[in-house]
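Colleague: These are the residues of each chain, in order.
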Amino acid sequence: MHKYSFFVYSKFAKVAANIICLLSGCSKMYQYDAIDQQIVEERVNQFRDQTQRFLNNELAEAEFLPLRLQNGLYVQRHAPMLRIAIPYGMLSSTQLRKLADISRRYDRGYGHFSTRQNLQLNWPTLESVPDILAELAEVQMHAVQTSGNCIRNTTTDQYAGVIDDEIVDPRPYCEMIRQWSTFHPEFAFLPRKFKIAVNATETADRAATQVHDIGLHIKKNDAGEIGFKVIVGGGLGRTPMIGTTICEFMPRKDILSYLEAILRVYNQQGNRLNKYKARIKILTKALGIDEIRSRVEAEWEFLKGRENTVPEMEFERLQSFFTEPAYQNLNNEPSSLTEKLAQSAGFARWYQRNTFSHKKDGYRIVTLTLKKSGVAPGDATSDQMDIAADLADKYSFGELRVSHEQNLVLADVQQDQLVALWEAAKDAGFATPTLGLLTDMICCPGGDFCALANAKSIPIAQQIQERFSDLDYLYDIGELDLNISGCMNACGHHHIGNLGILGVDKKGEEFYQVSIGGASGHDASIGRIIGPSFSEEEIGSIIEKIVAVYIDKRTEEERFIDTYRRIGIAPYKEAAYAKDN
Amino acid sequence: MQKIIKDGAIIDCDLNWIQDQEQAIALLSSDAKASAIIPLTLWLDDEHDTSGVAGFWIDSTQSTEPLADKDLSNVAVIGLNFLAFADGRSFSYARLLRERLNYQGEIRALGNFIPDQLGYLLRVGFNSFQFNESVDIEKALLLHKPFSVAYQGDVADPRPVFARR
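Taken in order, these protein sequences are the chains called E and B. For the first sequence, the residue numbers in the numbering used here are 1 to 581. For the second sequence, the residue numbers in the numbering used here are 1 to 165.
With the rest of the complex left out, here is chain B (with noise of 0.2 angstroms):
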């Protein structure tokens, strides 16, 4: 089984991030419903209902901005996809996601992000993070933390460095 992190752990897989949408439509009928992460645009769609899924995810090429209006709060997980790892929008959606929309909810990476950007991940607000399988995860757990102090605010602690010297 795939393994993530999440939380500061190694844990098995336990969503199902699902990327194609006639097969996120599929699911919404049955339990599995439950651990989907479907597309924002389906999760958007008034045409299906889906309550009781995990949650949807966004990809880079998206945005927050549909978001403004809606209840999160009973989403428990929003995934953001890298399409390429070096493609740093996601950076942006998980602290709009955290900041403006206050969502307090799991934020899952997905996609071709790779284990040298789990500091910054986390400093934006994203905890839990599914790897291309052919990462080393026992590995890229021990690059979550390359600083102990930074500059910036950030969802750990808001305050600027010079709020903090």
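Same shape as in the complex, but just chain E (with noise of 0.2 angstroms):
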């Protein structure tokens, strides 16, 4: 095609997909203005550079290294792996249509969605990824800052907006904070990358704030104010830790500036000689909460007030994108659902765990898992992505969130309507009825995709999704994160769930550690090991051994947590290693 014309048919597209987007009423997401598209399409032009000197070998590879690594792509086992952000997890279908098309026509038909809100496509090659940033601009999305030692996507609560107990819609804060960090001039190279995620209530944390560089807790003071409470130094990897909380409530017109001084800490003094040793939560343990406090408010100083600070205006403007759908004036389970509820034992299954209350009557909040026995966790094939793109336009306001856990959510469902769309994501293998029980594992790609893994991690989660295939068992088993991460980067979690499981490499033999009590909510912690690793033929039978303690030793009202945290690690150490008879 022509040039022009072209330039003018992708004009043309994008005003009509807006058009579109308005008059289905789902444009209740952040739109981007003229400022945000010449962004992401200069970025587009400046990747587009820096890739041809690097092919024409006028850019060194440890240049082009970290200029890559910013723009989300990593050198991998088989092809280069590109991170797209979905920035605090927000989803048209427009864009979930693109991103189907995109992982058809420069990956393998299929995508994986990450713990913090990105998509991973393993398969494109370094010359198609300046043409697919560009496709993305097109709809608003980009791979900026998905990795590397910079200020990554901003992420916070997949349920933002549509449930009752929310102090505020975190989602206009996240946009303000990705704004702020997107190509921030000054923090391009810290220590070590840097991860802020956001929580807006009170009784829960499905973002896992606790375990990031920066954890931010919407707060309402006595007068009403709006402000966060700020939490430094949380993290996995090698060292998981808790975060602990730098500051009580910061009000929301000064939290730029505040997170300003934070970073400007860190970038200045932050270790830069081991990478180890190098995120925020070393420097906070060294120093302790007290000092890095003290020298965050003594820079604090010079910032507040000044420029960064967030005029009413801007927080009136961006709220304006999140406003609420065109709701009907519905009542809460109409008898369509209460029959369909007493009829169906597979409809009432799904029901119970994979959809969750709204603050509207009427609705109600759908997950629609990515969890299906014997495909990796995460992952959806293009195809799955245009049926879910479809599913939200008929069913949710055209709109989607991915979660932390790796599924999808339609926020926005008539509850009416959630026996068609039951019986519509059946079809399309998202209705495995297990959110939140055992088998509903984060897990990363392991070693059969990642470079910098030490062993397998798909084949163990379906191998463990075997033993628990019974529905009943499970459960009766109940709420069970398992997490398993292929290296102790640990982008599987497993610090965090109440059973993890990290591979680990014994004289080039893949082997699997397993801890337990691990905990992601308001009531973080990190697990404890449980004693020597495992092979992979043993894994799926010691995790039931130790699920049969809890079974054994649980009160009626205990979760897996719970039992654990009342009787300690003992039992299920000595179930673990029992020699069989």
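Hints are computed from structural coordinates only; laboratory data are not their basis. There could be a bad hint or two in this list.
As the list claims (entries may be wrong) - In silico lysine-lysine, DSS-like type, Cα no more than 30 angstroms apart, as pairs:
id : chain 1 : residue 1 : chain 2 : residue 2
1  : E       : K340      : E       : K359
2  : E       : K553      : E       : K573
3  : E       : K253      : E       : K304
4  : B       : K139      : B       : K6
5  : E       : K193      : B       : K145
6  : E       : K506      : E       : K193
7  : E       : K304      : B       : K70
8  : B       : K145      : B       : K6
9  : E       : K304      : B       : K145
With the hints as a guide, bring both chains together as one complex.
Modeller: Rendered as structure tokens:
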């Protein structure tokens, strides 16, 4: 196609998509203006030039490395891996269709939704990445800062804006932080990566904020003003730590200058000699929370009240993008729902596990699980992405979310349409009714794909899913987070799984270490290793033995984590290492 | 002669970056000091008369803190060395010099920074660039402005995007 006509066509398509979006009432998320659009387009040009210079040997490998990493591009076991940002988990159906299209044309027809609200493509060629980025820019998407030693994609609760016990909708604040952190000139070469997550409800922490470099908890003070409790120094990896509160309440107008103060202290004082000691969690531990607080406050003295003080008008502007969709006035539990719940045990199970209460009567939040047995957790085919986009258009105002647990969410489904959605979700492999149960695992791509991994993780997930395929038993076990990482970089968040499995290398063979007692919510904790690691063949039966201890020892109301916290590690250890007779 | 980029143009390198303390001390008693960028520790050292030097340079491992109570109005140039290009401490030092210490003179990037960092370097307050000799400076100059707009305020326009929308 002629270049000019393509340009006209793509502009026309963009405008048309926006009009369709407005007509269907789906534009309940941030929409780029000319400035946002220009930034992503200029980024595409910049990266195209960098890639070309690298391919022409004008840019050294060592120099290209951090430049491509800041665009989410790793070189992996088989091909580059491209990590596309899904800022705070929000996706329109138009964007998801574009991801389906890209993964079909540039990859092998699937993608992997990660724990930090990103989509990873495992098979693009380096030469095609600038074109992929250009196509993403057409739908207001990018891969900016999804990797590298910079501020990463800001994440939040996948139920943001649709639950009734939320203090305020966290998404406008996430967007504010996204803009502040995008191409921040001072913080592009930090000692190590830097992750921020935001939570806005007292009852749950679905974004694992306490294991982030900065966790922000939205609060209201006694005067009714909105601000943030700031938690610093959490993280996973080799040295897992729960974050510590550095500030109990920072008014929202001051949060950007306060973040800037934290980042500036970290940029200057973080460890740059040893990458395993470079995260802010290590600096926080080394200095102690009081010392790091006083250094941050000393820095903030100079920054507060200046240009980064956010005016009320900006909060209003950002909030205006996240208005309610055109909800109808409906009642809870319509007869079509209650009848089906009584008739179909399968539907009832799905409703109980995979749907969640909505702030608006007559609506429900639905999770489309990406945890079908035999498929890597978080993986979706291009066809599934298209189907999910169609389901979003049909049932949920054309909008989806991506969750920390690697599932997709339709946030605004009418209760009288749940049966129809369930049927469609089943057909597409989205209705495994196990959300929050043992087989709803978090799992990294592992040694099958990742060059860093010590061991495979996906076959371990499959082995466990097969062992726990009896739904009645799975339901009887109840809520249990099982997380698997293929190496100590901990992308599968094994430290904060109630059960964690870590792939380790022992003299060239793959072994698996089991930990118990981790948690990711407001009661976050790091799991304890139960003892020597196990072989791939053993791991499924070990998990069974550990779960059996819980079944034996639990009281009626206890979840797995509660029993562990009451009785300690010894009984589990004993069962796991008992000799079979 | 080595070339540098200064205020957006390629010029002959006009100043002498003295990395060695002893060599710098020796220069203090000669006319050559007028074009010397001496180590920060020497500039701070009261034992030596450093008046009349072009300026001093700060290493990545140092900081701007010792300058808090110093008069910088007669310092023509402050160099910031990059131990490695991925060592981003000097980005903070440049902003601190401009915003905290209100330093108006030249800030020169020295050492192992790379052309692809020019956009960020300019935005935090650098205005001259002494690349490693292996760098093609003509090509580097083409990379000085990868973006025509930005979300954050910077030295060119201190207003963040929300004050410009």
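Colleague: Hint compliance check: list the failing hint numbers for this structure, sorted ascending.
Modeller: none
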